[in-house]
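As they're listed, the protein sequences go chains A and B.
In this text, residue positions in the first sequence follow the numbering used here: the first is -17, and each later residue adds one.
In this text, residue positions in the second sequence follow the numbering used here: the first is -17, and each later residue adds one.
Mixed in with the good hints, there may be bad ones.
You can't tell identical chains apart in this list, so a pair holds if it fits in one copy or across any two.
[To be verified] SDA-like cross-link-like pairs, simulated, lysine to any residue; straight-line CA separation at most 20 Å:
#1 Lys78 to Leu357
#2 Lys176 to His417
#3 Lys51 to Leu30
#4 Lys367 to Ala323
#5 Lys(-13) to Arg375
#6 Lys364 to Phe104
#7 Lys(-13) to Gln337
#8 Lys364 to Gly112
#9 Lys196 to Asp345
#10 Lys173 to Ala240
#11 Lys78 to Tyr(-4)
#12 Lys(-13) to Ala74
#13 Lys173 to Pro194
#14 Lys338 to Ala214
#15 Lys(-13) to Pro194
#16 Lys391 to Val360
#17 Lys73 to Leu(-11)
#18 Lys78 to Lys367
Hints listed in this document are in silico derivations from the structure and should not be mistaken for laboratory results.
Protein chains: 2
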Amino acid sequence: MALPKTLPGFREFYPEAMAVRRFLFNVWRESALAFGFQEYDGPVLEPLELYTRKSGDEIEAQLFSFTDKGGREVALRPEMTPTVCRLVGAKANALKRPIKWFSIAEFYRYERMQKGRGRSFFQFNADIFGEAGPEAEVELIALLVQCLRRFGLSEADVYIRLSDRDLWLLYLEEYGFSPEETADVLSAVDKLEKLGDAAFRGYEEKHGALAPEKREAIQALFGVRGFEALAALVQSLGNERLQARLAQWRQLLDGLEAMGVGSFVEVDLGVVRGLSYYTGFVFEAFDRKGDLRAIAGGGRYNDLVRRYGGPDLPAVGFAIGDMTFQLLLEARGLLPTMVQAADVYAIIGGPAERQKALRVVADLRMAGVRAEYPLRQVGFGKQFKLADQSGARLALIFGEDEVQRGVVKLRDLRSGEEEDVELARAVAAVRERLHGG
Amino acid sequence: MALPKTLPGFREFYPEAMAVRRFLFNVWRESALAFGFQEYDGPVLEPLELYTRKSGDEIEAQLFSFTDKGGREVALRPEMTPTVCRLVGAKANALKRPIKWFSIAEFYRYERMQKGRGRSFFQFNADIFGEAGPEAEVELIALLVQCLRRFGLSEADVYIRLSDRDLWLLYLEEYGFSPEETADVLSAVDKLEKLGDAAFRGYEEKHGALAPEKREAIQALFGVRGFEALAALVQSLGNERLQARLAQWRQLLDGLEAMGVGSFVEVDLGVVRGLSYYTGFVFEAFDRKGDLRAIAGGGRYNDLVRRYGGPDLPAVGFAIGDMTFQLLLEARGLLPTMVQAADVYAIIGGPAERQKALRVVADLRMAGVRAEYPLRQVGFGKQFKLADQSGARLALIFGEDEVQRGVVKLRDLRSGEEEDVELARAVAAVRERLHGG
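Sequences are here, hints too, so could you generate the full structure?
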């Protein structure tokens, strides 16, 4: 009677896969810590209302939601943003600003499966709360780049499309769009790359035909690539608020240059991001070859903490998903072979020597050394094979003759070099060899 | 409009709490790696049948279960054992034996909340598959002790009650209990400590009154403390299979002595563990003061992989829960204060110096140094305060004068000592100071 299989879209992590997952998480964590971000986490299960409350979100249809045994409507978390807004909002006055937080957590969405997308996936989330200026974006985009570079990815592999919903709003206002219309224009722009002109169908059904000069204006901003082109377009309009926004752009780009990450960033107004809660700069990272989904995405969401019942707190954040990221590293040959080797293998003459050997193994492990030994007593030849398979650099040979003399033979399994070491000095001798002390 | 709160029994991890969680997990992970265990993980959501299939399990009533959007009956995982049996069972022939695996994962049970028990909790699980002899128990119990000792817990704080369901079965057989009766006797014994004689009520309703000599026999084994007492009781019976089992006990206890963990272990036949899938040695760890729930528990479950459709594969494992464990460390004052301090803080003269400063900060971070700086330009005095608050050991002062001379002032914030360092050498100088190079 076979066991029920793993659910579609969920993953099993055998040790090889787990080693890769740990490698990704460790590099992300070290990067965030180097930037002074602090780690947090929230519950895997949340009240359903946490996700249904936020308008303009496609996530709702994709939730793993149910009624728990206490009659509560609950859902597995599909993203971190609502949770982190609640956590920060609840203690906003007690937390030292700017609040720089990160998390590495799993999320769940019931959606059609495709390459690089499962029903469960991990995300690295980083956010800064309490800083309204583009200095926060500089810090976050620099962190995103470090999260790429630390794996060996360069600007030849990955680029970040940088855009601005704030500038889009001011621009559409300049062209006479009402606030309700701008939201629907941005929804259309979000799909323009994929659908072409058909992207405006929904807008036109709701608001009537789009005048040709308005459509041209949208296409003009949508097509902007590079800061020069953006500055030229904005300056042609002579709108003061747009000019002021351009100054923020300069500050952001100068900061990114100073941080040494400018070469990763491309000004590209073709991006607006699907989620309507973004209020300013937005960005998405892609691989240059362009055959994968977005690797990371983020932006400013200054209204969300307040909309969630917290104080008025500016915020900007991004997330990297693990699945597409891992596909990219694999495609570029940047995933190292994960070998979990022992440091030292104990070869044991017989039952009489076992006692002494186990004690040394225990002491080695307590000192943090990865020490293995044959659980069952087997012949010497077989033990040397096991030592070899374990990947250990060193062997400690507890032969009858050695143990009687109060020593153990320490052998370097690469060079074949060996020496007798007093039993009491075995741990120290192994550590010296391993750490080249 | 306040956000819906966290569900009862679920936890939020603000950075301080998260630092404690990481500390626990890191020590457990390092201990397991030192023992040559490999890390794995499974899905958070599993088919409901994975948990309802296994008989004799109280877990069923406590599941977070529901029907997903594809009509599948699913449940949040309440424990790791069924998942790890499936993973190992599916690849049993490809995995090198003994299979030594561990995981650190979250589990979910809908149950009444009490101290040290939530509806979501983490467990460290370690298991050995493919070794039938007590050498596997020696290795596992030694790992459990290392997981305690590495935090500073000693045999004065914690002890492990070691018992044996196999011996219990042989003993009850010797006293004429039928196989159906023994299962119910063991259920009663599991509750005997808590309920006293009332524990037998269920048994007697089903099988009729318990003869006084049988009840006495049960009480005799139940009261056994220490190996001498166990050996005396077994030898008085003259049963060969019980004698053979005693030899296994000797092997186990000798191994634990050799591993240097004998002082943590107490032979105590009063433990049988609630789960009926255990087939041999079982053990539970408690604090000596006795005011907390069990810290860890485990045992042998040789039939489970086969019962789950895999091959015949002997297995033994244990789990430590994070909540009781953390309460114990807190009670013993063994949780260090978690400080996430910066290594170096950059103090920036003005906008003109910011460019150079950010570049050095970026290079420091790329080198793994925790470098912070004021996101916003503020006065020198305020920046020194921020540097202090960051906990940094060093400050890099990018004054106008210094930057013009191509240098930066490196100050030790403890000693007040300072020196000018060439900008190009700033990263190297900081690293030398931090690592005492």
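Results for each hint:
| no. | hint | result |
| --- | --- | --- |
| 1 | Lys78 to Leu357 | between (52 Å within a copy, 13 Å between copies) |
| 2 | Lys176 to His417 | neither (55 Å within a copy, 52 Å between copies) |
| 3 | Lys51 to Leu30 | both (14 Å within a copy, 15 Å between copies) |
| 4 | Lys367 to Ala323 | within (14 Å within a copy, 46 Å between copies) |
| 5 | Lys(-13) to Arg375 | neither (39 Å within a copy, 53 Å between copies) |
| 6 | Lys364 to Phe104 | neither (42 Å within a copy, 39 Å between copies) |
| 7 | Lys(-13) to Gln337 | neither (43 Å within a copy, 56 Å between copies) |
| 8 | Lys364 to Gly112 | between (63 Å within a copy, 17 Å between copies) |
| 9 | Lys196 to Asp345 | neither (76 Å within a copy, 46 Å between copies) |
| 10 | Lys173 to Ala240 | neither (34 Å within a copy, 68 Å between copies) |
| 11 | Lys78 to Tyr(-4) | between (40 Å within a copy, 13 Å between copies) |
| 12 | Lys(-13) to Ala74 | between (44 Å within a copy, 16 Å between copies) |
| 13 | Lys173 to Pro194 | within (19 Å within a copy, 81 Å between copies) |
| 14 | Lys338 to Ala214 | neither (80 Å within a copy, 29 Å between copies) |
| 15 | Lys(-13) to Pro194 | neither (56 Å within a copy, 49 Å between copies) |
| 16 | Lys391 to Val360 | within (18 Å within a copy, 63 Å between copies) |
| 17 | Lys73 to Leu(-11) | between (38 Å within a copy, 18 Å between copies) |
| 18 | Lys78 to Lys367 | between (57 Å within a copy, 13 Å between copies) |
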